[in-house]
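Following the hints, put chain D in place on chain B, whose structure we already have.
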Amino acid sequence: SGFKQVREDEKSKLVGNVFSSVASSYDVMNDLMSAGLHRLWKDRLVSGAQSITPYGDSLFLPDSSDFFSRLISKLNPFPGMKHLDVAGGTGDVAFRVVERIKSVSHRATQGTLTDMEEDTHIYVCDINPNMLEVGKKRAAEKGYNEEQCLSWVQGDAEALSFEDGSMDGYTIAFGIRNVTHIEKALSEAYRVLKKGGRFLCLELSHVDVPVFKDIYDIYSFSVIPAVGELVAGDRQSYQYLVESIRRFPKQEKFAQMIQEAGFEAVEYENLVGGVVAIHSGVKL
Amino acid sequence: RTMRRTTALLLRHGGGGIPQALADVLVCPLSKKPLRYCEASGSLVSDAVGMSFPIVDGIPCLLPKDGKLLEDHQRESGHETSSRDSSD
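Chains B and D, in that order, give the protein sequences.
Quick note: the first sequence, position 244, residue 244 per the working numbering, numbers continuous.
Basically the working numbering = 1-based index in the second sequence + 1000.
Any given hint could be a false lead.
[As the list claims (entries may be wrong)] Here are some chain D residues pointing at chain B (derived, C-beta under 8 Å):
#1 A1021
#2 V1025
#3 L1030
#4 L1069
[Unchecked claim] Over the 10 Å line for every Cβ pair with chain B, so calculated as not near, a few chain D residues:
#5 P1019
#6 D1024
#7 C1028
#8 K1032
#9 S1041
#10 G1042
#11 A1048
#12 G1058
#13 L1063
#14 K1068
#15 E1071
#16 D1072
#17 H1073
#18 Q1074
The set of hints was computed from the structure by calculation and includes no laboratory data.
Quick reminder that beta carbons are idealized off the backbone N, C-alpha and C, glycines included.
Chain D extracted, bound-state conformation:
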């Protein structure tokens, strides 16, 4: 699996960081919208709610109360829309 150097891609598009079997099904626990992997922090980011969730020991920690507010540099400019290529 190639690690993309560009800004984090949506998990669904092979954004790396976690196994595909997880990338295929994981969503933000609050918004139920797609997550993206933030390489810099090794965390899962939910743009919908502006929070990030850590991955500890390979285990994604997706408790709503453990989400951290995004720093400014973590926010996406919005050019990566969350439309998925699969049927919705």
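Here chain B stands alone, though its shape is the one from the complex:
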């Protein structure tokens, strides 16, 4: 249906351009793509009532932060863990992991800093240095730099610079669709995880719900590029992004790929009818 065919070398350049173009409005862009819907529809649909946040196949529109919260819940972070977040340069996932561990730890130890908590470390790896700079700045603003539990590394999801079996957890949120060779990213994730380590991927996915699917298609292919034109003066990049979501493997196929990388207990959860999905697996 008229998708642009993108050659591999072109893809990484295009992706790079997209992110340079929208780096400063990255959060806005993700909001647009996924739960930004709620900013347009929430008032009308929910009319004042608190939005329901069920997880699973549902048409209700949670706040985009709920996607991250759900991801963190599934990750189940613990004090002393070593966690790698890939493609999350701005810190969305990393900060939530830190906060979650702190709250877990404080409940357990009534506020005294334990050795375990001091060992906690979150590594943020992103291919884009601008994103990492944004993340570092936000971390400083939140006062995380004193705690020294965050590290920022520029790297490629397909060729990670972390040692085999060094991580308790691995997350990639809204990043894997931009990877040229998804299988490589998955096998790298497998390599760096310890035995028992968890893989989690939050990504825009495929909607099969009748009627909603058509609405979503119209929204994606007509509204989003137009808004991209208005917001960032860049219709083409947003067009590319929308198409890249459609090109991304469907939920079942992606789950299969995760399994082929060696993970077990592979499962996925659709949010907002499949607009977003969280895939997970364990390295046994």
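Frame of chain B, contents of chain D only:
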């Protein structure tokens, strides 16, 4: 943390230059072998592939395509073998 004046030590052995939490886990993105910190250039060196990777603003830049070939003076003579004291 004392900065060693002798030739760069493997990160794992407290070779300085970057925080220990990074030194503990970072490897060459191509070979997955240990890196060492080169004080003179402030970069991370992978002897396995003969390349160095810069550190910019405290952020190690470990994209495979951004590795630079080592100058002769950066190469180690080989007396510092990369056997780690921890269990392999």
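Evaluated hints:
For the restraint placing A1021 of chain D at the interface with chain B, the shortest Cβ-Cβ distance is roughly 5 Å, inside the 8 Å limit, so the hint holds. Interface restraint check for V1025 of chain D: the shortest CB-CB distance to chain B comes to about 5 Å, inside 8 Å, so the restraint holds. The closest approach between the C-beta of L1030 of chain D and any C-beta of chain B is roughly 7 Å, which is under the 8 Å cut-off, so the hint is satisfied. For the restraint placing L1069 of chain D at the interface with chain B, the shortest Cβ-Cβ distance is roughly 17 Å, beyond the 8 Å limit, so the hint is violated.
A Cβ of chain B approaches the Cβ of P1019 of chain D within 10 Å, the least distance being about 7 Å, so the stated non-interface status is violated. Non-interface call for D1024 of chain D relative to chain B: violated, since the shortest CB-CB distance, roughly 8 Å, does not exceed 10 Å. With a cut of 10 Å on Cβ distances, C1028 of chain D falls inside the contact zone with chain B, its closest approach being about 7 Å. Not every CB of chain B lies more than 10 Å from the CB of K1032 of chain D, the least distance being 7 Å, so the non-interface label is violated.
Residue-level check passed: S1041 of chain D sits 17 Å from the nearest beta carbon of chain B, beyond 10 Å. No beta-carbon of chain B comes within 10 Å of the beta-carbon of G1042 of chain D; the shortest separation is about 15 Å. For A1048 of chain D, the condition that its CB be more than 10 Å from all CB atoms of chain B holds, with the nearest at approximately 12 Å. For G1058 of chain D, the shortest C-beta to C-beta distance to chain B comes to about 8 Å, within the 10 Å cut-off, and the non-interface label is violated.
Listed as outside the interface, L1063 of chain D is inconsistent with that label: its C-beta sits roughly 5 Å from the nearest C-beta of chain B, within the 10 Å cut-off. No beta-carbon of chain B comes within 10 Å of the beta-carbon of K1068 of chain D; the shortest separation is about 14 Å. Separation of E1071 of chain D from chain B is adequate, the least Cβ-Cβ distance of about 22 Å exceeding the 10 Å criterion. With a least CB separation of 25 Å from chain B, D1072 of chain D remains clear of the 10 Å interface cut-off, as annotated.
The Cβ of H1073 of chain D lies farther than 10 Å from every Cβ of chain B, with a closest approach of about 24 Å, so its non-interface assignment holds. Distance check on Q1074 of chain D: its Cβ is at least 19 Å (rounded) from any Cβ of chain B, clearing the 10 Å threshold; non-interface status holds.
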